[in-house]
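> The residues making up each chain are set out below.
2 protein chains.
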Amino acid sequence: MSLLVVGSVAFDAIETPFGKTDKIVGGAASYISLAASNFTNKTNLVAVVGEDFPDAFVQHLQNKGVNTDGLQIKKGEKSFFWSGKYHVDMNSRDTLVTELNVLANFDPIIPQSYQDCEYLMLGNLTPKVQQTVIERLNKRPKLIVMDTMNFWMEVALDDLKQTIKMVDVLTINDEEARQLSGEYSLVKAAAAIQAMGPKFLIIKKGENGALLFHGKEVFYAPALPLEEVFDPTGAGDTFAGGFIGYLAKTGDISFENMKNAIIYGSAMASFCVEKFGTERLVNLTEEEMNTRINVFRQLVKFNLTSV
Amino acid sequence: MSLLVVGSVAFDAIETPFGKTDKIVGGAASYISLAASNFTNKTNLVAVVGEDFPDAFVQHLQNKGVNTDGLQIKKGEKSFFWSGKYHVDMNSRDTLVTELNVLANFDPIIPQSYQDCEYLMLGNLTPKVQQTVIERLNKRPKLIVMDTMNFWMEVALDDLKQTIKMVDVLTINDEEARQLSGEYSLVKAAAAIQAMGPKFLIIKKGENGALLFHGKEVFYAPALPLEEVFDPTGAGDTFAGGFIGYLAKTGDISFENMKNAIIYGSAMASFCVEKFGTERLVNLTEEEMNTRINVFRQLVKFNLTSV
Numbered sequence: 220m221s222l223l224v225v226g227s228v229a230f231d232a233i234e235t236p237f238g239k240t241d242k243i244v245g246g247a248a249s250y251i252s253l254a255a256s257n258f259t260n261k262t263n264l265v266a267v268v269g270e271d272f273p274d275a276f277v278q279h280l281q282n283k284g285v286n287t288d289g290l291q292i293k294k295g296e297k298s299f300f301w302s303g304k305y306h307v308d309m310n311s312r313d314t315l316v317t318e319l320n321v322l323a324n325f326d327p328i329i330p331q332s333y334q335d336c337e338y339l340m341l342g343n344l345t346p347k348v349q350q351t352v353i354e355r356l357n358k359r360p361k362l363i364v365m366d367t368m369n370f371w372m373e374v375a376l377d378d379l380k381q382t383i384k385m386v387d388v389l390t391i392n393d394e395e396a397r398q399l400s401g402e403y404s405l406v407k408a409a410a411a412i413q414a415m416g417p418k419f420l421i422i423k424k425g426e427n428g429a430l431l432f433h434g435k436e437v438f439y440a441p442a443l444p445l446e447e448v449f450d451p452t453g454a455g456d457t458f459a460g461g462f463i464g465y466l467a468k469t470g471d472i473s474f475e476n477m478k479n480a481i482i483y484g485s486a487m488a489s490f491c492v493e494k495f496g497t498e499r500l501v502n503l504t505e506e507e508m509n510t511r512i513n514v515f516r517q518l519v520k521f522n523l524t525s526v
Numbered sequence: 220m221s222l223l224v225v226g227s228v229a230f231d232a233i234e235t236p237f238g239k240t241d242k243i244v245g246g247a248a249s250y251i252s253l254a255a256s257n258f259t260n261k262t263n264l265v266a267v268v269g270e271d272f273p274d275a276f277v278q279h280l281q282n283k284g285v286n287t288d289g290l291q292i293k294k295g296e297k298s299f300f301w302s303g304k305y306h307v308d309m310n311s312r313d314t315l316v317t318e319l320n321v322l323a324n325f326d327p328i329i330p331q332s333y334q335d336c337e338y339l340m341l342g343n344l345t346p347k348v349q350q351t352v353i354e355r356l357n358k359r360p361k362l363i364v365m366d367t368m369n370f371w372m373e374v375a376l377d378d379l380k381q382t383i384k385m386v387d388v389l390t391i392n393d394e395e396a397r398q399l400s401g402e403y404s405l406v407k408a409a410a411a412i413q414a415m416g417p418k419f420l421i422i423k424k425g426e427n428g429a430l431l432f433h434g435k436e437v438f439y440a441p442a443l444p445l446e447e448v449f450d451p452t453g454a455g456d457t458f459a460g461g462f463i464g465y466l467a468k469t470g471d472i473s474f475e476n477m478k479n480a481i482i483y484g485s486a487m488a489s490f491c492v493e494k495f496g497t498e499r500l501v502n503l504t505e506e507e508m509n510t511r512i513n514v515f516r517q518l519v520k521f522n523l524t525s526v
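Line by line, the protein sequences are chains W and H. Whatever position you read off the first sequence (first residue = 1), add 219 for our numbering. Whatever position you read off the second sequence (first residue = 1), add 219 for our numbering.
Some clues are possibly wrong.
Identical copies carry no separate label here, and so any pair may be met within one copy or between two of them.
As the list claims (entries may be wrong) - Keeping only pairs whose Cα atoms sit at most 30 Å apart, straight-line, the calculated DSS-like set for lysine-lysine is:
1. Lys407 to Lys294
2. Lys468 to Lys407
3. Lys242 to Lys347
4. Lys520 to Lys478
5. Lys418 to Lys297
6. Lys358 to Lys297
7. Lys242 to Lys520
8. Lys424 to Lys478
9. Lys304 to Lys407
10. Lys297 to Lys361
11. Lys435 to Lys424
12. Lys242 to Lys358
13. Lys494 to Lys407
14. Lys407 to Lys239
15. Lys361 to Lys520
16. Lys407 to Lys418
These are computed hints drawn from the structure, not numbers from a lab.
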């Protein structure tokens, strides 16, 4: 079923303990679309770039079956640019440069051909822009998943809360869940956030996996312990892309199937961090993905069938 | 099969964001014995206390089937005392007071009746004392599990490495694994630590669960997301007690069965943190434990049976 992805398509320059890149392609919607394209060939992208953005990447998205009719290319303007440096522990980073450029006045125009989308993935963006996307759809999608970050909790909390109210699934990390809810316990935070609107909450914990909350139910997905995390940039977006891509492919938005979708999202994210930027996702094969899913199954399997 | 537990039996005074205790019973071996006693009635304790230690707790251990013949009571001396205050996040704490008292010259005397033990759990202690226990056993146990902490890595690294070489399973937390190995990646840290001797390594990650490494194999056990962590003191020891208690009960030390043992250990630890000190463990019923094991099963279960 068709999926609409909205978010940044941009440049990143990244420094990790393992190396450093010049400007490379990044942005939430780049990672989400690439990850989702492994599951569905009905991915529709809405984003904005400047004329400095490489045609080759757009071509690559198209080759993966991503519809880029909704990708606005602004003549004479520059793409969003972020530069950051990761600390040794890879769980924290310093932002060195943020140049909004085309993202400063992003007006998310939805092509008519996208109007029938059943799944909507709102990548991290100004909450107002995320809300505008929902409002511009003639029919509410079957499932709306939204990612956000602490920055919006600090500068646009009211807008954020309004947008959160409109979505089905919110994905944030553990610190953000604590910040948004004011609760330290993640169980309490999850209850408080569900009371804000979303019936499902995914709390991403990086190398410590992810939690899916729905009412009183909870699912704990592990992260794969890796020899080396080369570059964590985009891991959360890749996770989200795998998650919603799998749901769009299977057409089943039950709590049980969301568990499977989280395992696929986690598997996709485990590839993402193996190389800089989108490099590893671009050349990922189906066989590699299936092999990794089996590794995830083994990772948490134990034999206490009944007590 | 019989289990020998060696470690501290002591007093703690604890402050958490939820409250504060006077001196209450604590110590690694107290938690380990209590947890293990839910699985086997052949637990033998070696420890030392002063004459200030309450008979009632010793009586309680005996009622739970713990043999206390190896508990030395030093007349005119005081029990080990630790006092600490937890930060809001409960993952870090400040030590306010450490009084070694009887532990300063602890000579671990093994009663003759303990000599046939097949399982040995070395709770956190001076590595030299842990080593002495192994040397004083006429026959090497079938399985030796050892817990330790960062403090010994700082003040007695050579002794620690000598002792680690003699054990089968080492349990430490993630920061300690990084410190001991000099590797940031837990996968690399696990390989480095296995090269030091233990064929199995358990890395405890608190609210983020635990990892079991054995050669190239890895198992990820979740921690139960809890509404409230009231007091984390003793959670690691309780985990270890559940782990080795289950192994001693089943008599199976395969990697597969260790996965089950870790789930039992995690379940026991999830009870421990619900109240101050040993309070919750003292009154735990078998039914409560079985119910919680089922919660753990549900927590990680997903339906991707084949890909």
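> Please go over all the hints and tell whether each is borne out by the structure.
Status of each hint after checking the structure:
1. In the homo-oligomer, the alpha carbons of Lys407 and Lys294 never lie at most 30 Å apart, since the shortest distance is 48 Å inside one protomer and 48 Å across protomers.
2. When the C-alpha separation of Lys468 and Lys407 is checked against a cutoff of 30 Å, the pair qualifies neither within a copy, at 32 Å, nor between copies, at 36 Å.
3. In the homo-oligomer, the alpha carbons of Lys242 and Lys347 lie at most 30 Å apart inside one protomer (28 Å), although the nearest pairing across protomers, at 54 Å, exceeds that limit.
4. Both within a single protomer and between protomers do Lys520 and Lys478 lie at most 30 Å apart by alpha-carbon distance, with minima of 15 Å and 8 Å respectively.
5. In this assembly of identical chains, the alpha carbons of Lys418 and Lys297 never lie at most 30 Å apart, being 38 Å within a copy and 55 Å across copies at closest.
6. Taking identical chains as interchangeable, the C-alpha atoms of Lys358 and Lys297 are never at most 30 Å apart, the minima being 33 Å within one chain and 74 Å between chains.
7. For the homomeric pair Lys242 and Lys520, neither the shortest alpha-carbon distance inside one copy (41 Å) nor that between copies (41 Å) is at most 30 Å.
8. Taking the closest pair of Cα atoms, Lys424 and Lys478 come within 30 Å of each other both inside a single copy (16 Å) and across two copies (22 Å).
9. With identical chains, the CA atoms of Lys304 and Lys407 are at most 30 Å apart between copies only, with a shortest distance of 23 Å across copies and 33 Å within one.
10. Within a single copy, Lys297 and Lys361 get their C-alpha atoms no closer than 35 Å, and across copies no closer than 67 Å, so neither meets the 30 Å cut-off.
11. Proximity of Lys435 and Lys424 under a CA criterion of 30 Å is satisfied in both settings, with 20 Å inside one chain copy and 24 Å between copies.
12. When the C-alpha separation of Lys242 and Lys358 is checked against a cutoff of 30 Å, the pair qualifies neither within a copy, at 38 Å, nor between copies, at 63 Å.
13. In this assembly of identical chains, the alpha carbons of Lys494 and Lys407 lie at most 30 Å apart only when taken from different copies (18 Å versus 36 Å within one copy).
14. Only between protomers do Lys407 and Lys239 lie at most 30 Å apart by alpha-carbon distance; the minimum there is 22 Å, versus 40 Å within a single protomer.
15. Proximity of Lys361 and Lys520 under a CA criterion of 30 Å is satisfied inter-copy only: 25 Å between copies versus 32 Å inside one chain copy.
16. Within a single copy, Lys407 and Lys418 get their C-alpha atoms as close as 14 Å, which meets the 30 Å cut-off; across copies the closest is 39 Å, which misses it.
In summary, the structure is inconsistent with hints 1, 2, 5, 6, 7, 10 and 12 from the numbered list given earlier, while agreeing with the others.
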